[in-house]
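Student: The primary structure of each chain is shown beneath.
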Amino acid sequence: TQLLEQSPQFLSIQEGENLTVYCNSSSVFSSLQWYRQEPGEGPVLLVTVVTGGEVKKLKRLTFQFGDARKDSSLHITAAQPGDTGLYLCLFIGSARQLTFGSGTQLTVLP
Amino acid sequence: EAGVAQSPRYKIIEKRQSVAFWCNPISGHATLYWYQQILGQGPKLLIQFQNNGVVDDSQLPKDRFSAERLKGVDSTLKIQPAKLEDSAVYLCASSLALFNTEAFFGQGTRLTVV
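Which chain is which? The protein sequence lines are V and L, in order. So in the numbering used here, spot 40 of the first sequence is number 40, and the numbers just go up one at a time. Offset between the second sequence (1-based) and the numbering used here: plus 1000.
No lab work stands behind these hints, which were simulated from the structure alone. Hints should not be assumed to be uniformly reliable.
[Stated by the list, open to error] In silico DSBU-like links for lysine-lysine, alpha-carbon gap of 30 Å or less:
id : chain 1 : residue 1 : chain 2 : residue 2
1  : L       : 1044      : V       : 56
2  : L       : 1078      : L       : 1015
3  : V       : 57        : L       : 1078
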């Protein structure tokens, strides 16, 4: 059974600051996804990373997949209040096991 | 395009009662998922269907939880009897195919067991 750790659990920052969220697994990913969830809503897919070392950018969000395919990070530049939400990583294993991380609750204060 | 529809949005029941949740996936999506999300945690996969067949139900507490997708379209998840620790949001999601990994989630059903 793979262990999936996401950190930090909570993050409260001022508008304009930068932040990084981490997702680490004890097993190798087949692929990994990042989702954002707002209160009362289901998670919404932000990105899928498949290749070790892959970097993807989505406006102010940068996603990185570790070379060993066991870790990933999400970096937000110049955070805005609209970025507030629960950020979740989803591990997709080689046998299509689907495991979400515990989430990072981000609050961006104006 | 209509999204994943779930009902009810909220449900409060007493322990040992039964409850059922309904999900209508996006039209044409073959794969359907049910997740349980306890407050402060990430969603946990309960069961995954491909059309009307079960792909993965390894984390479904089968002594009290059941799910079906008889015609390969909409699905129901049932809990009988409910326990206090079943209080959670139950999320349904769907994707085009088993190996198409973009899943679309419904708004969820918030269950409170008292």
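Student: Can the restraint linking residue 57 of chain V and residue 1078 of chain L be considered satisfied, given a maximum Cα separation of 30 Å?
Tutor: The hint is violated at about 40 Å.
Student: When you check the alpha-carbon spacing of residue 1078 of chain L and residue 1015 of chain L, does it fall within 30 Å?
Tutor: Cα-Cα ~14 Å, so holds.
Student: Would you check the hint for residue 1044 of chain L and residue 56 of chain V, treating anything up to 30 Å between C-alpha atoms as holding?
Tutor: 26 Å, holds
In summary, the structure is inconsistent with hint 3 from the numbered list given earlier, while agreeing with all the others.
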